[in-house]
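A.B. asks: Sequence:
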Amino acid sequence: MKNRLPLAAAAAAIALVTPTSGQAADEHNVTSGITTSGAPLALHGVDAVALSLLKAIAPGDANHSVVQDGVAYYFASAESARLFMQAPAKYMPQYGGFCAYAVALGKKFDGDPRFADIVDGKLYLFVNAEIFAEYLKDKANVLAKAEATWPEIQHTPVEDL
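FYI, the numbering for the sequence shown is -24 to -1, 1 to 137, going by mature numbering (1 follows the signal peptide of the UniProt record, and there is no 0).
Honestly, the hints are just simulated from the structure, not real lab data.
Note that the coordinates shown come from a computational prediction; the quantities given were computed from them, not determined experimentally.
The beta-carbon is built from N, C-alpha and C at its ideal position, and this holds for glycine as well.
Don't take each hint at face value.
Said to hold, decoys possible - Ranges of calculated distance between the beta carbons of each label pair, as one might list FRET restraints:
#1 113 with 39: 39 to 47 Å
#2 39 with 115: 34 to 42 Å
#3 97 with 33: 15 to 23 Å
Construct the entire structure; sequences and hints are all you get.
C.D. replies: Structure (structure tokens):
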């Protein structure tokens, strides 16, 4: 059964998670009501560079913000913001910051920076510890399924999934 997602427990757990009001209508998971430069906030304000390079949760600061693809990213330092500006795709979370496991199941749920993994230099987020544990059981299959599913749901509003 290596070619199937471990759906039994994980699908039930995913079904119990209600999408938050902090989700964007389409390709970006953002925090509702928190903006900088008129753009919604990504990654719950966590520094994407620190998360991508160190797997460290570093709270970002509005004084070090960068807007990319209409979404604001906060950084803990000017140096982190500079690194991000040089290569944003290197630090931005996959699937717009939505939970990679949920994307594999055709859903868009909040990706929490506390439950993150870096695979082949790419940042993946997960909704909670239980789903992250399920993902760790079969990383390659979950990510392959998410990669195949994302183009189908990327522009679909959260409430339609």
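A.B. asks: Are residue 113 and residue 39 spaced within 39 to 47 Å by their CB atoms?
C.D. replies: holds (41 Å)
A.B. asks: The hint says 15 to 23 Å between residue 97 and residue 33; measuring C-beta to C-beta, is that right?
C.D. replies: Distance hint for residue 97, residue 33 holds at roughly 19 Å.
A.B. asks: If I claimed the Cβ atoms of residue 39 and residue 115 lie 34 to 42 Å apart, would that claim hold in this structure?
C.D. replies: Since residue 39 and residue 115 have Cβ atoms about 36 Å apart, the given range 34 to 42 Å holds.
When the structure is compared with the earlier hints, no violation turns up for any of them.
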